[in-house]
Each structure stands twice: as structure tokens, then as C-alpha cells.
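**Student:** Sequence:
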Amino acid sequence: MFRAAALVPSPPLLVPELMGAGAAETADLRAAAVSATTHLASTVDRWIAVGVDRTSSTFGEATVGTLRGFGVDVVVSLSGAADQTAADPDLPLAVLIAGWLRGVAAPDDAVEVRTIPADASPEWCAEFGEKLRREFDASAESWGVLVLADGANTLTPKAPGSFDERAQEVQHRIDDALAAADVDALAGLEPDLCASLGVGGRAAWQVLAALAGADAKTTTELYRGAPFGVGYFVGTWSRD
Numbered sequence: 012m013f014r015a016a017a018l019v020p021s022p023p024l025l026v027p028e029l030m031g032a033g034a035a036e037t038a039d040l041r042a043a044a045v046s047a048t049t050h051l052a053s054t055v056d057r058w059i060a061v062g063v064d065r066t067s068s069t070f071g072e073a074t075v076g077t078l079r080g081f082g083v084d085v086v087v088s089l090s091g092a093a094d095q096t097a098a099d100p101d102l103p104l105a106v107l108i109a110g111w112l113r114g115v116a117a118p119d120d121a122v123e124v125r126t127i128p129a130d131a132s133p134e135w136c137a138e139f140g141e142k143l144r145r146e147f148d149a150s151a152e153s154w155g156v157l158v159l160a161d162g163a164n165t166l167t168p169k170a171p172g173s174f175d176e177r178a179q180e181v182q183h184r185i186d187d188a189l190a191a192a193d194v195d196a197l198a199g200l201e202p203d204l205c206a207s208l209g210v211g212g213r214a215a216w217q218v219l220a221a222l223a224g225a226d227a228k229t230t231t232e233l234y235r236g237a238p239f240g241v242g243y244f245v246g247t248w249s250r251d
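Following our numbering, the numbering of the sequence shown begins with 12 at its first residue and continues without gaps.
The set of hints was computed from the structure by calculation and includes no laboratory data. Quantities reported herein were computed from a predicted structural model and do not represent experimental measurements. Among the hints, erroneous ones may be present.
Pairwise CB distance ranges, derived in the manner of DEER restraints [as the list claims (entries may be wrong)]: (1) 42 <-> 180: 44 to 54 Å; (2) 226 <-> 73: 25 to 35 Å; (3) 184 <-> 150: 29 to 39 Å.
In this text, a Cβ means the ideal position worked out from N, Cα and C, and glycines have one as well.
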């Protein structure tokens, strides 16, 4: 059955080795993401990760990758038993960050990562999330999902997507919806608007909305902020 979700972003800056002397600037975000993942792993019997990429794919527990494409050869894996597998430098970022979080927060666990197209329609996301819910609920074990998703990258003049005056209001609505587990608000996110504001995680959040459904939930907000002009939210959802 579906039991819980952890909501984290997927920027390389979560990995301290990639930040060097600047790692302290994102220490709060990093600690929150690790805490959310630890909570998820301790709450459920098994969990998977969902993040965005160009296409829909599944990455199994034997997957091993490296972050050397981001400057440092940090090897990550989706299970502790995968140490002998050659590290793939071309994995999607969501897979790499899921592997890093697993290694730090739940090193004894093995996880699968499912990527979805970042530009998937709300209807496609709803169908994907509902199918995932049926898969979880058919199991006698309790299941959770680590959702890796980034907000707007247009929040400040120096942001990766430059500044867009609409971004602050949209990011605030997204953060509030995630904090309250407002699945209707997440399902209603408009793809074209989100794309124009660089909201990279829209599709992943809409999958979560369909997966979680209308069940009563207990939520915890661990972080909301915009270091370097990109909106990030960290929190947990648990079924009551």
C-alpha cells in the first residue's frame, strides 16, 4: 500500500563535493533533503524515486553512476550491492541525486528510479500516478516515493533562466500547495506557464498529486527557499 512521500529537489549543489568551499551556502537545503529521505526510508518497507528527464525510463537497483560530468567523480548507486558495476556518467540528474541521497540517508536500502518526461501533459501525469498507486496498493508491503523536482529558475536577475516577474507568485503557490498537500492545486499547474518560468518539476508533482489522491495526509515542511535564484521545496507527506 502507499504510505508516504518525501519531496526534494535535484540540483547538483546538494552534493557537497561539487560545491567545494561553497558547500556551507546550501547546508540547510542539503540537511533538509537528507532528513526527508531518512524519514521516508524509516517510514515504509520499500520506496522508489520519481524524477523528470527527457523521456520515461526505469533505472533498476543495480544502476551505478558518477557525477564527474558536474566536476567531481562522485560515484553513486541505487543499492549498496552495486559497487562492482561500472559507473555511468550519462545518467539523468534525478537518478544521480536519488542515488546520492540513498547512499547518505538510507545506505542499506535498494531503490528503483522512474523518470518521466518533463513536458508530459497533466493527463499523462495523472495516469502515471494512478497506475503507480494501484501498483503500491496491490502490495502487502508499505511503499513510499521520493519525488525529485525543482521549482522556477527565474526568481532573481542572476538565476539560470534570468528574472521573470511572474515567477515569485507562481513559486509561492507551488510551495504552499506542497506544504499543504493540496493535490488539486498541483494537478492544476499549467504546463506552458511552468515551462516559461523554468519550473522543472511540474510533471513530477502532478504524478505525486495523482498518486496521493484525496487521502487525508500529515505534512511536514522542512525547507523552502531560492538559493541562486531557483525555487526549492523539501517536505514529507504521510497518509493518516
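**Student:** Hints first: check each against the structure and report whether it holds.
**Tutor:** To see whether the hints hold, each was checked on the structure:
{"no.": "1", "hint": "42 <-> 180: 44 to 54 Å", "in the structure": "violated, 28 Å"}
{"no.": "2", "hint": "226 <-> 73: 25 to 35 Å", "in the structure": "holds, 33 Å"}
{"no.": "3", "hint": "184 <-> 150: 29 to 39 Å", "in the structure": "holds, 34 Å"}
The earlier numbered hint that this structure contradicts is number 1, and it is the only one.
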